[in-house]
Amino acid sequence: MNTRRDNELLGGFTREVINYILNKIPPYLGLFIIRTDSEGMVKSSIGPWEKYLSNKPERGEIIDDTVPMLYGMVPPLVNPMVVSHLNVDENRYADVHVFADTQGDIWIFFIDQTRQVEIIHPIVQLFNQERLDQRVDKKRSGTKETLAALYLLDFLGFERRGENYRQIGKAPGWFTRLKIDYAPKGPVFPLKEVFPYLEVFEAEAERIWKGTDDDKLVSDIWQEVNYDGETVYLQALALKHDNRSFLLIKPLEKGKDLNDNFLQKAREQKLTLDQLASTEKKLKELLGFKDQFVSIISHDLRSPIGAVIGLIDLLLTDQLVQKKLETEQIELIADIKSEMFRLLDYNDKLYQWSNLELGNFKVRAKSFPLQNLANYVEKMQKAKFEQKQIIFEAKIESGLTINADETLMGQALNNLVGNSVKFTPPGGKICLSASRDSEHIKISISDTGVGMDQKTADKLFESFTRKSTMGTYGERGTGLGLGIVKKILDAHDYTISVKSEVGKGSTFTIFIPTFPHP
Amino acid sequence: MIKKKVVMLGAFAVGKTSLVQRFVHSIFSDKYLTTIGVKIDQKQISLKDHDVTLMLWDLYGEDDFMKVKSNYLMGSSGYFLVADGTRSETIEVAEKLHDMAAVVTNNAPFILLINKSDLTDLWEVSEERLNGLRNKGWNVIVTSARNNQNVDDAFYALTEQMIGQQTRPLS
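These protein sequence lines are chains A and B, in that order. Per the working numbering, residue 4 is the first one in the first sequence, and the count goes up by one each step. Per the working numbering, residue 2 is the first one in the second sequence, and the count goes up by one each step.
Take the hints with a grain of salt, since some may be wrong.
Derived lysine to aspartate or glutamate pairs resembling EDC-like cross-links, with alpha carbons at most 20 Å apart [claimed, not checked]:
| # | chain 1 | residue 1 | chain 2 | residue 2 |
| --- | --- | --- | --- | --- |
| 1 | A | K273 | B | E90 |
| 2 | A | K365 | A | D294 |
| 3 | A | K285 | B | E125 |
Here are the simulated distance ranges between beta carbons [stated by the list, open to error]:
| # | chain 1 | residue 1 | chain 2 | residue 2 | range |
| --- | --- | --- | --- | --- | --- |
| 4 | B | Y33 | A | G189 | 42 to 52 Å |
| 5 | A | E283 | B | Y33 | 18 to 28 Å |
| 6 | A | T179 | B | L48 | 31 to 41 Å |
| 7 | A | D303 | B | E96 | 39 to 49 Å |
| 8 | B | K4 | A | N26 | 32 to 42 Å |
| 9 | A | K287 | B | K44 | 42 to 52 Å |
| 10 | A | D184 | B | D153 | 19 to 29 Å |
If you're looking for bench data, these hints aren't it; they were derived computationally from the structure. Heads up, the beta-carbon is just placed ideally off N, CA and C, and yes, glycines get one too.
Could you build all of it, start to finish, from the sequences and the hints given here?
The structure is reproduced here in structure tokens:
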């Protein structure tokens, strides 16, 4: 259960892919993901596709046809392959990551970079233009004037000088509507008092501001509230360009930048999974109590049942009693004994069953000859063979041994042979054989019984069958016998198959790997 | 006026935002809305002749997709570890976050809040487990943001610890 959950977390996201998302593509805003097979055939997609594409990629489509901009990128030439600032349409830029996982799937991540490009391009263009014009006198350059116009693009801009921040141009409208305690008092802007969050980002941005190369760093998102009581989501960009340091802040627009509910959905799904796991745990506890209860009761019932059988034996063997009873009464007592034996058998199977369910057993494996099992089964079933005049034949390859729990395997084979006895008419034949090939030791129990149809065969090893079929001699079963066989074989990592034909008989084959699984 | 930075740490959906909203604005919403980024609220309280402004940093929850950055704890005087009493594994997340927070804050005061005590039918955390944490010296308070159980008490208790640490003479 845990392994499956680890590998298939959150609707098919493997741990490997989650780690990629976590380490390579923060933040999650605008994250759109396409999953394809190794040939680029779309398997699924999640996220706001409409931000990047005109059509949603549908399952079964070839990615090169659906998203032409990815032509030649799937599968990736290097893993992962990252293309930055891809102009996906007239007004939108994205970083695209193409990542091939170890399961053979390819994951394509689109991350919205429009804001970063919008911020950087005007500044870079401005400086480049300045150089082209050979206007080296920065006091007279258009830089200040152009940057001052950033507020028209909704940016609140600052130039960092030393430890201080000087506001560039006017404040945009969103800033003036924020519910913050701020009154301008001079050229230095008290940035961290107004936005306490930025004390954290400032520490991170120092790395690029103190560097000598052009660089940028995007902050996490933080929230403020405006006078209308609305939450405003803000993000900052630290920029180093031509030895000057800038900090620019802009709100994220709902519906444009914040239309991604990827994280919300992922977390809601995780909560649902957690709740299911919790319910499963509680159900298992309750089932455990039930099995424990059945185990205790069936164990405690063995003594009184045995005592009643003993008393019946006394009645049936005591000469004085025999003389006083009519033949019909003696037959009735014999019937009671037979029913009590059936009750004991049922009770024993319940006891075995509940203990297997509780896991109250250990496979104590040792090497032993398979002939031991054949001898044991023959001894256990001897009375029934005689009663139904069934011929039992054991064909065990000479010297064949297995490494298993002898008691449990004896129980399993006894149940299987007992089942064959039940469904084989008087005068029939049952054969227990064992042989070895390069991969398996095979133990087969075949009979000349009534057989069964495929539908019945398919459901044969379900834990518990409500319906127990009556045998050819009127035998009644518990419905637990074959379920117990399956549990014992599972505990050994063995498998079982059944071939059957109505009216001709059945063959059960146990497969024991010659080399145990690692 | 004393100013104290307090950080809310914990797994996702344990009720960090609900606790802050209950304490600062006396409101509660049943709807789960994952916190995007960081939200900083302020609340002024008076405690033992001190006027204290609490700067409450409500961080996004930690999970497989989002890891809390240790930078957020810079300059904090104390922190809450928040866990969900109906999801016992969130205590393990809180313990892991504490390992990180204790180092960054140089062992600042903290309180573990086991939230959602109103959901008694789904409660998973045993008293033995809580006592185990208390035996480690942790202050553990069971809260309900929905029923306003122990919420104010928890914030006042942490403030008292922070003030106590500030006024404690150096040994």
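Honestly, which of those hints from before does the structure not fit? As far as the earlier hints go, not one is violated by this structure.
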